[in-house]
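Chemist: Below are the chains, spelled out letter by letter.
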Amino acid sequence: MDLKVRELLKEVTLDYSPTLSKHVNDTVSAIKVAIDKIPDDLKVTADEAPGFVRDIGADKVEFKFKKPTSIEIGGSYAIQCIVKPDINVDLFIRLPKECFHEKDYLNYRYHAKRCLYLSIIKKYLKFSSVKVEWSTLQNEARKPVLLVYPATELVGLPGFFVRIIPTTNSLFTIKKLNLKRSNIRALTHGGIPQATPKYNSSILEDMFLEDTSELIKRTFLGWKELGEASILLKVWARQRSSIYVHDCLNGFLISVILSYLASQNKIANSMRTMQIFRVTLNFIATAKIWNNGLYFRREGQKGIPQEERVSYKEAFPIVICDPSAPFNMSFRISRIGFVQLQDEAALTLKCIEKCRDGGFEEIFMTKVDFAAKYDYCIRLDLKGKSEVHASGFCLDDECWRLYEQKVHSLLNQGLNNRAKLIRVTWRNTLSDCSIENGFSILDREPLLVGVSVSSMENAFRVADIGPNAENKEEALKFRKFWGEKAELRRFKDGTIAESTVWESEHWNRHLILKRIAEYVLLRHLSLSKENIVHIVDQLDFSLLHGVRDPISFSGSLLEALEVLSKHLRLIQDIPLKVSSVQPLDPAFRFTSVFPPEPHPLAIVKGDVPRLQKLMPSCIQPLEVMIQLEGSGNWPMDDIAIEKTKTAFLLKIGESLQNSCGMTCTATEDDVDVFMSGYVFRLKIWHERGLSLLKREDGSDQFKWVSSIDKELFVRSQHSSMINGLQGRYPLYGPVVRIAKRWVASHLFSSCLVEEAVELLVAHLFLQPLPFNAPCSRITGFLRFLRLLSEYDWTFSALVVDINEDLSPKDEKEISNNFMLTRKGYEENKQNGSAAMFLATAYDKASEAWTRFSPNVSELKRLVAYARSSANLLNKLILQDQIDSYKWECLLRTPLNNYDAVILLHRDKLPYPQRLLFPSELNQGKHVAQGNASKVFQPFMSPGDFKGSLEELKNKLLVNFDPLRFFVGDLEKEFSNMFKVWYDSLGGDAIGITWDRFSSKKRGREEGEDPVDVLKSVGQFGKGFVRSVYSLKSPRLMN
Amino acid sequence: MDLQLKHKKNKKKRQNIDKLQKDEVLNMEVEREKSKPTEKNKRKREKGNDINTGKAVRSNIKDGSINAIRGRKMKESSVKKNRKNEERNTLTGKSEQPSTDAEVAFVDQCGESKKTKRKKKEDDGSSKKGETDQDEVCHLSCGDESCSKGLKGSSKKARMKRKKEHNSSKGAKKSQEKAPEADSDDVYQISSGDEDCSKGMKKWIMEYNQSRPGLKVLEQNIDEFITAHEAKLEQERKEREAQAAEGGWTVVVHHKGRKKTTDVESGTTVGSVAKAVVEDNMKKKKREEVKLDFYRFQRREAQRNEILTLQSKFEEDKKRIQQLRAARKFRPY
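Chain order of the listed sequences is A and B.
For the first sequence, the UniProt record's numbering gives the first residue as 1, with consecutive numbering after it.
For the second sequence, the UniProt record's numbering gives the first residue as 1, with consecutive numbering after it.
Quick caveat, the hints were computed from the structure, so don't treat them as lab data.
Treat the hints with caution; some may be incorrect.
Claimed, not checked - Below, computed lysine-lysine pairings styled on BS3-like, alpha-carbon distance capped at 30 Å:
1. A:Lys577 <-> B:Lys199
2. B:Lys199 <-> A:Lys925
3. B:Lys318 <-> A:Lys809
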């Protein structure tokens, strides 16, 4: 940890070398020269920035330009705490007194003049051919600043700029800017002028900017650890975009808080950097003193009197005050912003305690941005909405901040306890805007709302109970808020109360929150539906069958399983009784992307069902594991055991057929039972098989013997653990399903098995730090992608401790196993299988799921795909407009990333409705093409509907998947020539990448033409392959 | 010789039929083909073949599968009947396939004589129709496909298109002449494979069906296997016994029934599982007997080993840090 922190500091701190300081000094002196060129007594009028003056509502703004009284470097450069990559130097320009009148603190005159002064400077800086841009101080549009980019850029210092911040010193009498005074005449309420605390603070901030920065400088100078701690805090905050914004933390406040702690002796000189970091976070998260406000105390100075403290407390949620600078330095911090900050600090402390390696990764390296942090994101596009600034752009506070508050309070009321935290932020500044022309352009960025869900039960609640009907006043309020959505209802406990009901199918419950938010916003704000983008259901299309989510059949599926297991236990006419029945298929634990729908033909008895529109001719079997009573009569060798098992299964099948009329079909390996619309595939687990294995293992600990029993055992363990997890986190299932769909649709079906995906997602829920466990599909999916792309797979094992039953001893064993595999990997780099080490309680050596795949190159590809998908998703959440096409891109894989592509006949896929996007290719060389076969149709035709139910059942194809057969054939035939990438869920494209090593040997010696190979590939998929394209020839020379 | 030639032609022609079925590649290839005057001769011949094909197909429609035509016509009124028709075709498809081919070949031969005549016409067509109507080709190919396969239309769409084609047979004819020209030699054609079951869909379906002979058969198979297996085991055992008897050793026979955990005579534990436990215990005992730091050299060795492992671990850590640094794992953004 210490080492990592040191390295991190090395990465982010600036090298304060002579060249750097020279560069900075040059730039500053260039600015000074430019300002010196401005003639004194230049008459400045509102024409310099007419829009600004108009929108801010100032009168009497003319003044004569005088040179600034002083120009000084301040900010983080002065205390050497600059954090890459934002490298900028604050330059304080003290505005001369002569430019202002005594009463300029009134009616925004000061702000207007300040801006005009800057625009003059800007004009003259432009003459000296440097790039100058407007920006604002902490997103406060009424206080613009100038960004000056030097003409020459220093190497290794990209994007360096100087920020010109105007300050004033004792320009106005402090008393006039007291919190309770009203300094904007226009702002009255019923004739009584309203106090303008924010406005006053905004002026006071400028007046004391230099003083406070001096104070900070004094504390930081010569205290290396404190400076480093402030850098760490900045890195930490920067990674958390929800707290590093205008109404919460900023670099300046971090320094202020640190100086406060130092002045209170809470940070001692002897402390190390990380200790200071921790103490500070602890202080932020838990200190009671926040309720009273932080007041600096200094010797020889009077503290701030009690009455004043009270008034501060009334005006602002958070107070940080220095007696020598009587204003609230944290006047921008909002209550909710601070709650968020405390929450974040508390989470970080938890990371330090609980996470591996002191939580370094989680604290400093993981991005906790808006999209990943909040469960639901809502984007309001308020471009050109005049409603926002209906009563003027700037009153006491700015209109945008007021609007933020409005949206927040609306959502807060609408969602009440469904949401734990609602965060509304609206960034107004754009880099290329010209503030002279007014504020109307500042609404271009969308307003972002993040909602953290309190608990799934609350969030998925269908009805909200309001006030009792007898409570007229409250009821009226309720009605007013909800409009026609409010109904009077009688509840089970006899009360009659106002309520709102959000009827919704079970699989659509996650949309309730969206509906509420949309309803409330539409009702109370003059928005149209297009202006609201709620990130919640954009990916649901990938899980639907038609209009329904097939997960809704899970209830009937579980019932069917119940019945089946009852029947199985009751079977009498077999030598050994069935002792237990366990589900294996992911459909039983709600993690199957497409749980089967009940098929009308797979019923026990009854009439031949009417032909429905599209009745699939294929049916997915669901594996169920059964265990028999113990017996000593089992044979001893593998083949015989398997045969005996099949014999048992056949008997069981027969018995079921005779006693309950269930249909059975069987092959050498499996026995399928048709029941209640489903097909169950029975497997027998024989515990002796496992013990036989164990004895073999004794000699060679890491020998992997693939055995059916071992596999069954592992699968059943996995199944029951995941099932338990799924019960604890209702959102686990949907996230897994989307993740699986993603993996498959990018043709990774062969690389990452379903169970591995389940474990990866389980990790997100079990060790969510630095977040909380995800409570929405998209957030969970985003975090899955980030996990995949950012986890250090080569050097760390991912331990998924589902039931928290791993002891330190187990963990040691896991890490030993891991080291062993990595050692083997290092010795033999070519044979880099098992690049992903997933350890669980039942599998401590990562042998079950990721032993053979993904290998190193596959993982590399997987990581690259995950990274780009994560970036795209993040962008979609934060910026892009409603565009379903863009969302589809997340699941549409680019086919030009393969060396060759095989397109399949869409109507020969067993489940054509699962195809997301029909693939077409218009590049590369068209090598071959084929016709569709007639022997297989994915849907039954009416002609099939003759004969009895039994005959019809025989026409159902159980687990018939041409894609699987095709890929199997290809792998058998060409395994050393190319690698096949496919989508097991029903894509119509197969990707092929040539194997580099084989081409060296084979391609040259035998001179096999890749085109010929592809032709024969096509031959193997006769009747299924639509066309084969070759994009790249194998690289022969390497 | 003659026969061989014919055979070749036949093959080529069939290829051409298949080629007709292209839609997308077509237009592109048209351009390319046109820019290759050297291939003209060859092309002409191909063209000739193709008209023949076209003719063949058409006549095929007329006389070969009247049934199908009727069905097609009837489809306009009722889709259902047609489906039934298809169904029948599918069932008989396998047997029908070769015959259709033969027919095509036959017509091809007939067409050979009319080649010159048609060639002229076709040249006309090609010069006039510089641009092939892609749509038409498309229709054609669908129709062709279904024709050559005994009219087993797969999708509704194809059937619709076929109908269209039928109505505008003249246009179709022309474009049909055009289509092969657009064809390229390098797009290899894979047949639907419905006629052979060594590869592809047909094979998979067949394997699927073969693997499900019914419960009884399977049961029988397994019984047979088990008896064979047991017989084999029995024989092996007998052999072993015989061998043992020769050597004068007594053989412990694996008894059926309840497992005896203790030997009657000696009272020691036997049986597979308990045996393992005993072995384990024995190992433990052994380990206890000789402690590893009994001798001084052992202790010294252990110490040295420890230091070595620590050193190697240190080295590893150092390497790891280097790797991390190389991977820029410390850069937060």
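Chemist: Hey, Lys318 of chain B versus Lys809 of chain A, does the alpha-carbon distance stay inside 30 Å?
Modeler: With a Cα-Cα distance of about 26 Å, the restraint between Lys318 of chain B and Lys809 of chain A holds, given a limit of 30 Å.
Chemist: Keeping to a limit of 30 Å between CA atoms, is the pair of Lys199 of chain B and Lys925 of chain A held or broken?
Modeler: Holds, at about 24 Å.
Chemist: Need the status of pair Lys577 of chain A, Lys199 of chain B: alpha-carbon distance at most 30 Å?
Modeler: With a Cα-Cα distance of about 43 Å, the restraint between Lys577 of chain A and Lys199 of chain B is violated, given a limit of 30 Å.
Hint 1 from the earlier list is the only one contradicted by this structure; the remaining hints agree with it.
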